[in-house]
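Chains as they are written, first to last, in the numbering used here: chain R, 1 to 107; chain Y, 1 to 147.
Honestly, the hints are just simulated from the structure, not real lab data.
Treat the numbers as computed from the prediction; the structure is a model and nothing was measured.
Treat the hints with care, since some could be wrong.
[Said to hold, decoys possible] Capping the alpha-carbon separation at 27 Å, the derived lysine-lysine pairs in DSS-like fashion look like this:
(1) Lys44/Y to Lys61/R
(2) Lys141/Y to Lys85/Y
(3) Lys49/Y to Lys117/Y
(4) Lys75/Y to Lys44/Y
(5) Lys46/R to Lys66/R
(6) Lys117/Y to Lys66/R
(7) Lys117/Y to Lys85/Y
(8) Lys49/Y to Lys141/Y
(9) Lys44/Y to Lys85/Y
(10) Lys117/Y to Lys61/R
(11) Lys8/R to Lys66/R
(12) Lys104/Y to Lys44/Y
(13) Lys104/Y to Lys49/Y
(14) Lys104/Y to Lys46/R
(15) Lys104/Y to Lys66/R
(16) Lys75/Y to Lys61/R
(17) Lys141/Y to Lys117/Y
(18) Lys75/Y to Lys85/Y
(19) Lys49/Y to Lys75/Y
(20) Lys85/Y to Lys49/Y
(21) Lys8/R to Lys104/Y
(22) Lys104/Y to Lys61/R
(23) Lys75/Y to Lys66/R
(24) Lys61/R to Lys46/R
(25) Lys117/Y to Lys75/Y
(26) Lys8/R to Lys46/R
Each chain, written out:
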Amino acid sequence: MNDDAVFKALADASRRQLLDRLHDRNGQTLSELCEGLDMSRQAVTKHLTLLEEANLVAAQKHGREKLHFLNPAPIQEIADRWMGKFDRRRIEALADLKRALEGEPGT
Amino acid sequence: MADSTFIYVTYIRTTPDELWRALTTPQFMAQYWLGATAEAEWRKGGPWKLVFPDGRVADAGEIVDFEPPRLLAIKWRNEWSEEFKAEGWSMCTMELEPMDDAVKLTVSHTMERENAKFIGAVGGGWPRILSNLKSLLETGKVVLPPK
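With the rest of the complex left out, here is chain Y (with noise of 0.2 Å):
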């Protein structure tokens, strides 16, 4: 296979609601995301990107699906690694399935690429984000604080 991926499935005892709203709210993603905020236009073909607490660019892109509560995908590419942006698009698409007293997120972050170095790189950020967000739903704390 020619792509490179990473897949982060976890269950989250909240809401579909809760979760849309912690996955789109910026000053909720504060909190969990290791100090980035998101800014965008929440819609589908609206401009996204992610933002360190100085200002700088981490990332940017465009939201391709928005149908809450379930499915946010969005295309997305590095803007501070000049490495990681030489490789180009990925798509992020992340899937909320209700189940009984909890939410089945899927996050899958791909690039049509092999061995992409980004895909690598965001393979250690997203384990530390979603674990950050389960723990913030679950007990009213994060894991590992903001720097």
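For reference, chain R alone in the conformation it holds in the complex (with noise of 0.2 Å):
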């Protein structure tokens, strides 16, 4: 997945907000992300296609709706990618740092 699409999508805050209504009540129609907004309904169209396309939004059928959902994966695969980094170089200078208090030969 494209991470630049992911950052450009968070890097603004209308949309932000709209990711923190969907974490606030999961599947939400176009009408009722709208409610009490002080954006346009095609703002706020604009702004979920574009979170849409960085898969930060699904959105589904559900009858004759169609609803919104909020996708955790991309922040999560960039976490994990990011996070799985420092862990792994944290847990080899401790071992580093314990080898050589408890004086093992070579260190």
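Two chains, two separate frames, one set of hints: put the complex together.
Below is the structure:
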């Protein structure tokens, strides 16, 4: 998946607000999402399209309605890629320190 | 909407057959499903359960749709938590769609109950399991090894 599309999608406060709304209540229609927002329906539609293209929102037909759901996958996958790197290095560093303190030969 | 739904959509560089196998083979599942394995009769109407390494049943239910390699749906209820079990049955649907050189996996886990705590809980588990699965199929390693 495209990291640039994800970061670009998240870089906008209005889009983050839509994601927050879905986090509070998942599975909303376009009309529900527009309620009480200082954004035109057209603007919300444009933002949702960008979020869907970044795979941050999944839209599904439920009966006659199209519902929007939060998709945690892109953020989870970016976090794993980065967290994995940090954790590994930290674990290795701690193992090295342990060996040095315990006076193992070769350290 | 009076439902609680969790959805996870991920694209995995593999084939539908490989992914289907990964989702329905207990030994393979143990590698990425945080130590749990499934025991099931892999057919529509077959009983299904998810079991911890110590043998305790984590969740139990029935396979409601079984169409390899594109659709697996399980009616599922938690067994290890009184609170979650009391919330009742959920439906978990796994859809596999072939793309150019990947498979789009959509997992939907839903319950006909507002603000279901169980769905909140699986919302924490699924991302780790599915991210593990993607990593395993694409690189041969999981992100989070089973405890």
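Each hint tested on the structure:
1. Lys44/Y to Lys61/R: holds (24 Å)
2. Lys141/Y to Lys85/Y: Violated, at roughly 33 Å.
3. Lys49/Y to Lys117/Y: holds (20 Å)
4. Lys75/Y to Lys44/Y: holds (11 Å)
5. Lys46/R to Lys66/R: holds (15 Å)
6. Lys117/Y to Lys66/R: holds (24 Å)
7. Lys117/Y to Lys85/Y: holds (10 Å)
8. Lys49/Y to Lys141/Y: holds (25 Å)
9. Lys44/Y to Lys85/Y: holds (23 Å)
10. Lys117/Y to Lys61/R: holds (24 Å)
11. Lys8/R to Lys66/R: holds (24 Å)
12. Lys104/Y to Lys44/Y: holds (23 Å)
13. Lys104/Y to Lys49/Y: It holds: about 25 Å lies between the C-alpha atoms, which stays within 27 Å.
14. Lys104/Y to Lys46/R: Satisfied, since the Cα-Cα distance of roughly 24 Å is no more than 27 Å.
15. Lys104/Y to Lys66/R: holds (20 Å)
16. Lys75/Y to Lys61/R: holds (21 Å)
17. Lys141/Y to Lys117/Y: violated (31 Å)
18. Lys75/Y to Lys85/Y: holds (13 Å)
19. Lys49/Y to Lys75/Y: Holds: Lys49/Y and Lys75/Y sit about 10 Å apart, inside 27 Å.
20. Lys85/Y to Lys49/Y: Given that 27 Å is the threshold and the Cα spacing comes to 14 Å, the pair holds.
21. Lys8/R to Lys104/Y: With a Cα-Cα distance of about 22 Å, the restraint between Lys8/R and Lys104/Y holds, given a limit of 27 Å.
22. Lys104/Y to Lys61/R: holds (17 Å)
23. Lys75/Y to Lys66/R: holds (24 Å)
24. Lys61/R to Lys46/R: holds (19 Å)
25. Lys117/Y to Lys75/Y: holds (17 Å)
26. Lys8/R to Lys46/R: holds (14 Å)
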